[in-house]
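Based on the provided sequences and hints, a complete structural model is requested.
Spelled out from the first residue to the last, the chains are:
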Amino acid sequence: EAQVTQNPRYLITVTGKKLTVTCSQNMNHEYMSWYRQDPGLGLRQIYYSMNVEVTDKGDVPEGYKVSRKEKRNFPLILESPSPNQTSLYFCASSFGGSLADTQYFGPGTRLTVL
Amino acid sequence: LAKTTQPISMDSYEGQEVNITCSHNNIATNDYITWYQQFPSQGPRFIIQGYKTKVTNEVASLFIPADRKSSTLSLPRVSLSDTAVYYCLVGEGNNAGNMLTFGGGTRLMVKP
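Top line first, the protein sequences correspond to chains A and B. Quick note, in the working numbering, the first sequence goes up one by one and the last residue is 114. Quick note, in the working numbering, the second sequence goes up one by one and the last residue is 112.
Note that these hints are calculated values from the structure, not bench results. Hints are all accurate, no fakes.
Taking beta-carbon pairs under 8 Å as the criterion, some of the chain B residues facing chain A (in silico):
#1 TYR32
#2 THR34
#3 SER41
#4 GLN42
#5 GLY43
#6 PRO44
#7 PHE46
#8 LEU89
#9 GLY91
#10 PHE102
#11 GLY103
#12 GLY104
#13 GLY105
We put the beta carbon where it would ideally sit given N, CA and C, even for glycine.
Structure below.
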């Protein structure tokens, strides 16, 4: 089944404790991206990647890192999480990065930073 | 990416047709119009995409007038399970990068 998976689905952590949220897709998509969703602010893009070893900042990249060493994986790294990073995070992938390509979203990761 | 304007929320009843209109006055020649649906605590899901006139699939129809400055997503005979947030996105089909900017969307509530 074609899908985007994220782990963990729920995470409660404390300020400053490094964490990684994994994202994997099995559709051989070149484009992957991360979003955060907060009440009243909609979905905001954090980082995106056009292909292996190619990443770029989205609208709200501060406090986040990503890597794209393999085509299927695009982990999101929070080196020193802070409470303002408490949010619902979505990973997405598509064949290409244009609006004409259907984006497939993962199930989401709800992160709470205390 | 062209700015879009949609109603914040809409209410409907089961069995009715629902039309959600999106305004995009600054749409460019190469821009496509795409709609996504999002259920609570789930990722958005692609519904339909169009460039001009009318597009229909098994889920919805998309009406785009000749000037393309607006578009209307039409959901026939909605059910309770259509309660969701619907996002209208407008942008170039050939550009790559951070093209997916989701606004606030339209929160549709379907009542019994």
